[in-house]
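Student: Chain by chain, the residues:
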Amino acid sequence: MVSARDEEEKHLFHVLAVDDSHIDRKLLERLLTFSSYQVTCVDSGDKALEYLGLVDIHQQNECERSSPLSSPSSATISCESISTKSEVSKVNLIMTDYSMPGISGYDLLKRIKDSSWKDVPVVVMSSENVPSRINMCLEGGAEEFLLKPVKLSDVEKIHSNLISSTNYNPCEENAIAEIEKSNNTKREGSEIDKNCSNGNKRKAAAATSLDLSDRRPRVQELPVS
Amino acid sequence: MERQAAYLRNALFDQGYLDEQFLQLEDLQDEANPHFVEEVVKLFYTDSVRLIQSIELTLKNTPWDFEKLDNIMHQFKGSSSSIGAKKVKKECSQFQEYCNVGNVEGCIREFQEVKQEHAALKRKLENYFQLAREAR
Chain F
1 MVSARDEEEK HLFHVLAVDD SHIDRKLLER LLTFSSYQVT CVDSGDKALE
51 YLGLVDIHQQ NECERSSPLS SPSSATISCE SISTKSEVSK VNLIMTDYSM
101 PGISGYDLLK RIKDSSWKDV PVVVMSSENV PSRINMCLEG GAEEFLLKPV
151 KLSDVEKIHS NLISSTNYNP CEENAIAEIE KSNNTKREGS EIDKNCSNGN
201 KRKAAAATSL DLSDRRPRVQ ELPVS
Chain H
1 MERQAAYLRN ALFDQGYLDE QFLQLEDLQD EANPHFVEEV VKLFYTDSVR
51 LIQSIELTLK NTPWDFEKLD NIMHQFKGSS SSIGAKKVKK ECSQFQEYCN
101 VGNVEGCIRE FQEVKQEHAA LKRKLENYFQ LAREAR
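Read top to bottom, the protein sequences are chains F and H.
Residues 1 to 225 (full-length UniProt numbering) are what the first sequence spells out, left to right.
Residues 1 to 136 (full-length UniProt numbering) are what the second sequence spells out, left to right.
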């Protein structure tokens with residue numbers, strides 16, 4: 001049984017889906033919207049990086065290191081363009097296909113883990129069951145590796161793993177996006193606060209209200225009032 | 001009419017044309033997305049026609065680019081798998097196996113099988129969707 005709060009919180013959950021296959025994008029989008037998530041689909045790793053504002057890594061690192069007042073003009077300009085890009089809604093989860101033309105899902109994973117988006121969980125998907133590939137992705141920081149075709153039960157499993165994981169804290173994600181949003185943000189700010197304060201309650205709800213056998217119990221069951 | 005549609009649908013599963021992935025597509029269909037299954041299948045056929053043409057073009061150039069053929073077929077297999085097209089998927093795998101060992105005759109034969117299964121499923125699904133629509 002899924003609580004109303006669970007459903008409501010899922011609506012705030014934004015997934016970036018990356019896949020070069022039109023059919024798989026449609027399927028993934030439907031799987032995710034069916035599960036009440038917000039979805040953005042892109043058809044390549046390059047578009048994903050663009051969306052996340054990670055197109056020019058070197059300039060972005062420059063911006064993060066130098067102070068806004070003293071930075072050289074070229075770095076300032078690139079900071080501005082990056083901050084415009086990161087005014088996208090925050091991203092709570094990235095799901096990417098492994099084999100794509102251009103940058104692979106693994107390369108995308110590494111780029112994300114090397115960036116300010118590193119705390120966003122990344123799930124890699126592939127139609128091929130290659131153990132060395134799976135290990136490589138998991139060791140590279142992937143949250144999960146899914147075999148295609150992806151099913152509803154896979155999406156449910158990921159969600160429950162994320163919300164029951166003691167590391168998961170939506171407040172710490174997307175540092176740049178949050179800074180940029182500080183103006184725009186009454187609504188955004190309150191959503192973020194709401195997620196933080198409900199964190200513990202959500203874990204309890206997850207532990208007691210979901211009853212599927214493949215759950216990995218990471219929290220003790222607490223009584224839900 | 002409804003019984004006919006159900007009969008046709010069950011036959012597709014029993015005869016091995018469709019696997020459980022098709023059930024997953026059906027599970028994703030609801031009042032808000034009442035034509036989801038048909039939309040995905042349509043997309044599959046648009047996509048796969050393009051892939052078939054691509055293979056045919058590649059087969060015209062000798063010596064064959066087996067890597068390219070394998071690549072295209074990999075995409076084809078992936079799409080087939082995503083809609084639960086069991087027989088089509090199997091023929092795609094077989095084609096890839098012939099590709100991997102550079103078996104020209106095997107590839108040619110197998111490509112015909114892929115096209116046949118692809119067309120057969122299309123006909124059957126079109127009939128099924130037609131009946132299902134009339135039954136509503």
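Hints are computed from structural coordinates only; laboratory data are not their basis.
Every residue gets a Cβ at the ideal spot worked out from N, C-alpha and C, and that includes glycine.
Mixed in with the good hints, there may be bad ones.
Label pairs and their in silico Cβ distance ranges [said to hold, decoys possible]:
#1 H:E113 <-> F:P101: 42 to 48 Å
#2 H:E31 <-> F:S3: 20 to 26 Å
#3 H:N61 <-> F:S165: 50 to 56 Å
#4 H:N61 <-> F:P131: 49 to 55 Å
#5 F:N135 <-> H:V101: 23 to 29 Å
#6 H:F13 <-> F:G141: 51 to 57 Å
With a straight-line Cα cutoff of 25 Å, these simulated DMTMM-like cross-link-like pairs (lysine to aspartate or glutamate) come out [as the list claims (entries may be wrong)]:
#7 F:K26 <-> H:E126
#8 H:K68 <-> F:D107
#9 H:K87 <-> F:E50
#10 H:K90 <-> F:D107
#11 F:K157 <-> H:D30
#12 F:K90 <-> H:E26
#13 H:K90 <-> H:D70
#14 F:K151 <-> H:E31
#15 F:K90 <-> H:E126
#16 H:K115 <-> F:D20
#17 F:K151 <-> H:E134
#18 F:K26 <-> H:E105
#19 F:K157 <-> H:E26
#20 F:K151 <-> H:E113
#21 F:K26 <-> H:D30
#22 F:K118 <-> F:E29
#23 F:K118 <-> H:D19
#24 F:K151 <-> H:D27
#25 F:K26 <-> H:D65
#26 F:K157 <-> H:D14
#27 H:K122 <-> F:E143
#28 F:K90 <-> H:D27
#29 F:K151 <-> H:E56
#30 H:K115 <-> F:E128
#31 F:K26 <-> H:E97
#32 F:K151 <-> H:E38
#33 F:K47 <-> H:D47
#34 H:K68 <-> F:E29
#35 H:K42 <-> F:D43
#36 H:K90 <-> F:E128
#37 H:K42 <-> F:D107
#38 F:K157 <-> H:E117
#39 F:K151 <-> H:D65
#40 F:K26 <-> H:E20
Student: For each hint, tell me whether it holds in the structure or not.
Tutor: Quick rundown of the hints versus the structure:
1. H:E113 <-> F:P101: 42 to 48 Å: violated, 27 Å
2. H:E31 <-> F:S3: 20 to 26 Å: holds, 23 Å
3. H:N61 <-> F:S165: 50 to 56 Å: holds, 51 Å
4. H:N61 <-> F:P131: 49 to 55 Å: violated, 35 Å
5. F:N135 <-> H:V101: 23 to 29 Å: holds, 28 Å
6. H:F13 <-> F:G141: 51 to 57 Å: violated, 40 Å
7. F:K26 <-> H:E126: OK: F:K26 and H:E126 at ~20 Å, within 25 Å.
8. H:K68 <-> F:D107: Holds, because 22 Å separates the two Cα atoms, which is no more than 25 Å.
9. H:K87 <-> F:E50: Given pair H:K87, F:E50 is violated - Cα atoms ~39 Å apart, limit 25 Å.
10. H:K90 <-> F:D107: violated, 30 Å
11. F:K157 <-> H:D30: holds, 22 Å
12. F:K90 <-> H:E26: Violated, because 31 Å separates the two Cα atoms, which is more than 25 Å.
13. H:K90 <-> H:D70: The hint holds at about 14 Å.
14. F:K151 <-> H:E31: holds, 20 Å
15. F:K90 <-> H:E126: At roughly 41 Å apart (the allowed maximum being 25 Å), H:E126 and F:K90 break the hint.
16. H:K115 <-> F:D20: holds, 23 Å
17. F:K151 <-> H:E134: Measuring from Cα to Cα gives roughly 29 Å; hence the hint is violated.
18. F:K26 <-> H:E105: violated, 36 Å
19. F:K157 <-> H:E26: Holds, at about 20 Å.
20. F:K151 <-> H:E113: Given pair F:K151, H:E113 is violated - Cα atoms ~28 Å apart, limit 25 Å.
21. F:K26 <-> H:D30: holds, 15 Å
22. F:K118 <-> F:E29: holds, 23 Å
23. F:K118 <-> H:D19: violated, 38 Å
24. F:K151 <-> H:D27: Distance ~10 Å between F:K151 and H:D27 Cα, so the pair holds.
25. F:K26 <-> H:D65: violated, 30 Å
26. F:K157 <-> H:D14: violated, 30 Å
27. H:K122 <-> F:E143: violated, 38 Å
28. F:K90 <-> H:D27: The hint is violated at about 29 Å.
29. F:K151 <-> H:E56: Measuring from Cα to Cα gives roughly 33 Å; hence the hint is violated.
30. H:K115 <-> F:E128: Given that 25 Å is the threshold and the Cα spacing comes to 23 Å, the pair holds.
31. F:K26 <-> H:E97: violated, 29 Å
32. F:K151 <-> H:E38: Distance of about 18 Å is within 25 Å: holds.
33. F:K47 <-> H:D47: Status holds; Cα separation ~21 Å.
34. H:K68 <-> F:E29: With a Cα-Cα distance of about 29 Å, the restraint between H:K68 and F:E29 is violated, given a limit of 25 Å.
35. H:K42 <-> F:D43: holds, 19 Å
36. H:K90 <-> F:E128: holds, 14 Å
37. H:K42 <-> F:D107: violated, 32 Å
38. F:K157 <-> H:E117: violated, 34 Å
39. F:K151 <-> H:D65: Given that 25 Å is the threshold and the Cα spacing comes to 34 Å, the pair is violated.
40. F:K26 <-> H:E20: holds, 18 Å
When held up to the earlier numbered hints, the structure conflicts with 1, 4, 6, 9, 10, 12, 15, 17, 18, 20, 23, 25, 26, 27, 28, 29, 31, 34, 37, 38 and 39 and fits the remainder.
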